[in-house]
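With these hints in hand, go ahead and build the complete structure from the sequences.
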Amino acid sequence: MRRLNTETNVNYVKYIAQTDDPNVLLDELMTAYGKDVWNYAYSITRKWDMADDITQDVFIKVYRHIDSFRRDASVKTWLLTITRNTAIDYQRSAFIRKVTLSDWLEERGEHRSVEQDLMEKWNINEMWDMVLKLPTKYREAIILFAHHQLSMKEMAEVLGVTEGTVKSRLFHARKKLSKMKESSDNGSVR
Amino acid sequence: MDPSDKELMEQLAKSPFGREGFDQRLRQRILDQAQQERSRSRMRSRFTWHLPMIALVSVSALFLAVWLWNNQQGQLSQDTLVTPAVQPVVEQTAASVVATAEPLKKYALLLGLRQDKDTQPIPSSSYRTLLVADEDEPENLQLIADVPGLYVPHGQNFWRISTVESADRRHTLAAEQVTGNRRASSLPAAVPSYILSEKVSYAGNEFLSIQSTVLNELGETVNKWRVKHIGQLNVKPDDPKLEPHTLLREVMPDIEERHGDDPQWTIYRDPGRWVSELYESATGTTEIVSGLPSNVVQHDTLLMNWPEIQKIEPNARDAFTYGNVLGVMTDKEVIVRSMNGTEPLPAAVHVPLLEGESLVMIQWAQNDKIDYVDKWIADFRDLQQQAVQE
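If you read the sequences in order, they're chains A and B. The working numbering puts the last residue of the first sequence at 190; the count rises by one with no breaks. The working numbering puts the last residue of the second sequence at 390; the count rises by one with no breaks.
In short, the hints are calculated from the structure, not lab data. This one's a predicted model, so the numbers in the text were calculated from it and none came from an experiment. Keep in mind that a hint or two might mislead.
25 angstroms max Cα-Cα, derived SDA-like pairs, lysine to any residue [as the list claims (entries may be wrong)]:
{"id": "1", "chain 1": "B", "residue 1": "Lys332", "chain 2": "B", "residue 2": "Glu308"}
{"id": "2", "chain 1": "A", "residue 1": "Lys179", "chain 2": "B", "residue 2": "His245"}
{"id": "3", "chain 1": "B", "residue 1": "Lys199", "chain 2": "B", "residue 2": "Gly219"}
{"id": "4", "chain 1": "B", "residue 1": "Lys332", "chain 2": "B", "residue 2": "Pro271"}
{"id": "5", "chain 1": "A", "residue 1": "Lys181", "chain 2": "B", "residue 2": "Lys6"}
{"id": "6", "chain 1": "B", "residue 1": "Lys6", "chain 2": "A", "residue 2": "Asn125"}
{"id": "7", "chain 1": "A", "residue 1": "Lys133", "chain 2": "B", "residue 2": "Arg249"}
{"id": "8", "chain 1": "B", "residue 1": "Lys14", "chain 2": "A", "residue 2": "Ala156"}
DEER-style ranges, computed between Cβ atoms [unchecked claim]:
{"id": "9", "chain 1": "B", "residue 1": "Asp270", "chain 2": "A", "residue 2": "Asn23", "range": "40 to 46 angstroms"}
{"id": "10", "chain 1": "A", "residue 1": "Ser184", "chain 2": "B", "residue 2": "Gln28", "range": "35 to 41 angstroms"}
{"id": "11", "chain 1": "A", "residue 1": "Ser184", "chain 2": "B", "residue 2": "Asp270", "range": "33 to 39 angstroms"}
No residue lacks a Cβ here, since even glycine has one placed at the ideal position from N, Cα and C.
Here it is in structure tokens:
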């Protein structure tokens, strides 16, 4: 069952956009969508630190540009689209950055804490574990569908593809999950 | 059986971890940044309003400072004569660091360079190998060898990566052990009909990343990126599907599995590090993979940060470090020098680059229980002699 349907989202953002205090507005948005943004950022990057940074960036962008929000759009779709674009920028810049080599070492996880490493291993169940191992395009599709529970139209909007492509990715993602489950049941590593 | 919608939604409804990633700490971090943004924005706004006043005060302060400075000059120059010098203290500190440091080691750096050539009818590549090593004693880096061809250390020996060419100028790569107890290497007798050309983008201890230009089943020219163990290089079946290569998941078991029938990946040089990239030919998508294991890429951590490197060599576009040795590539040359901490020693080895040369191999050795530096020097002197005789 959906936690917030599209109509509720539109009304919600209409309400919060009328709030004068941007800090209250930011706080409200984080309460409603903080977990969604972080989980989506993590599911794209699979890096705890990067998901933190992306989430921060997304909400600061929203804070700066709340006036430009289209009142007729779903706030969740809007936030997830910003999250996706920000995550792609982060991933791209992480690999082509040529300015500060010391940053590369951090990106390669050499400054990570033991706690973070452990947290990332504590997947809540086997399904999440398998989904996070899917190739990016299938991983995103299945997470937008099953975790964020978006409609086909909303998923197509966030991913910037047609609804047909979304359906195809979901189909292949299911096949891959099924194969992974089969391998796991048979006791093989992969 | 494929998971149903219900099953997926039930199992993925919750967050992926027991602990939420979006927690109070992150929320506060965002609120703090938002607060800073707001303060800055207010300051900017105030600053715009008060700009004329600030300009007036600044000019007055400048005049006052100049007047005070002129009045104090005489007094300051007298003070300098009686203040104890700082220099001896600094020298003492530096001396004590050197006294407690570990005994210096000798290092050797082996570089492989590739130059692509627009030969007809098929483009080709040539290689050369440079050995820069501390000869006889530490901190005495010399250019020991600059030999044509790519020589890769593997086990206790060196292997030459050579090219086998067909009558119609198609060519494929092959490996041959050239030092130690030389085994009869079975070099490929012919170039398989589907291969047009091959070139190396990375050479390591055991593996080579190879870009092959081949003819596909439709007779079209396509590129394939594969990584091969050195032992797989000479196996050249006529059927491309039987060509042995190493899958990424074979060296990184934790990597997500690719189900495509043509899994490809490559290793190439990015400034400061080796990068591996997965390629899915069906969709044309690529994915960068970090954390290659040490049996594929070794000593790939820069021990200095980029500003420190640029301070030493402002034109650096790539760098590599190991022990006390810093290697830098500019557009025109390779420069290798010993370092004392972050300070370069005056002597440096300069090797001019040929047009379009790129790095395909960086290997390091040091004198430990076995003096690999001396062994590499001796091996390369032999190889150089062999090259002259050939």
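Cross-check of the supplied hints:
1. B:Lys332 <-> B:Glu308: Holds. Lys332 of chain B to Glu308 of chain B sits at ~20 angstroms (cutoff 25 angstroms).
2. A:Lys179 <-> B:His245: 24 angstroms, holds
3. B:Lys199 <-> B:Gly219: 21 angstroms, holds
4. B:Lys332 <-> B:Pro271: With Cα atoms ~15 angstroms apart, Lys332 of chain B and Pro271 of chain B stay inside 25 angstroms; holds.
5. A:Lys181 <-> B:Lys6: Answer holds: Lys181 of chain A to Lys6 of chain B is near 17 angstroms, not above 25 angstroms.
6. B:Lys6 <-> A:Asn125: Distance ~15 angstroms between Lys6 of chain B and Asn125 of chain A Cα, so the pair holds.
7. A:Lys133 <-> B:Arg249: 12 angstroms, holds
8. B:Lys14 <-> A:Ala156: 23 angstroms, holds
9. B:Asp270 <-> A:Asn23: 40 to 46 angstroms: 41 angstroms, holds
10. A:Ser184 <-> B:Gln28: 35 to 41 angstroms: The hinted range 35 to 41 angstroms holds for Ser184 of chain A and Gln28 of chain B, with Cβ atoms some 39 angstroms apart.
11. A:Ser184 <-> B:Asp270: 33 to 39 angstroms: Once the Cβ atoms are compared, 35 angstroms apart, the range 33 to 39 angstroms for Asp270 of chain B and Ser184 of chain A holds.
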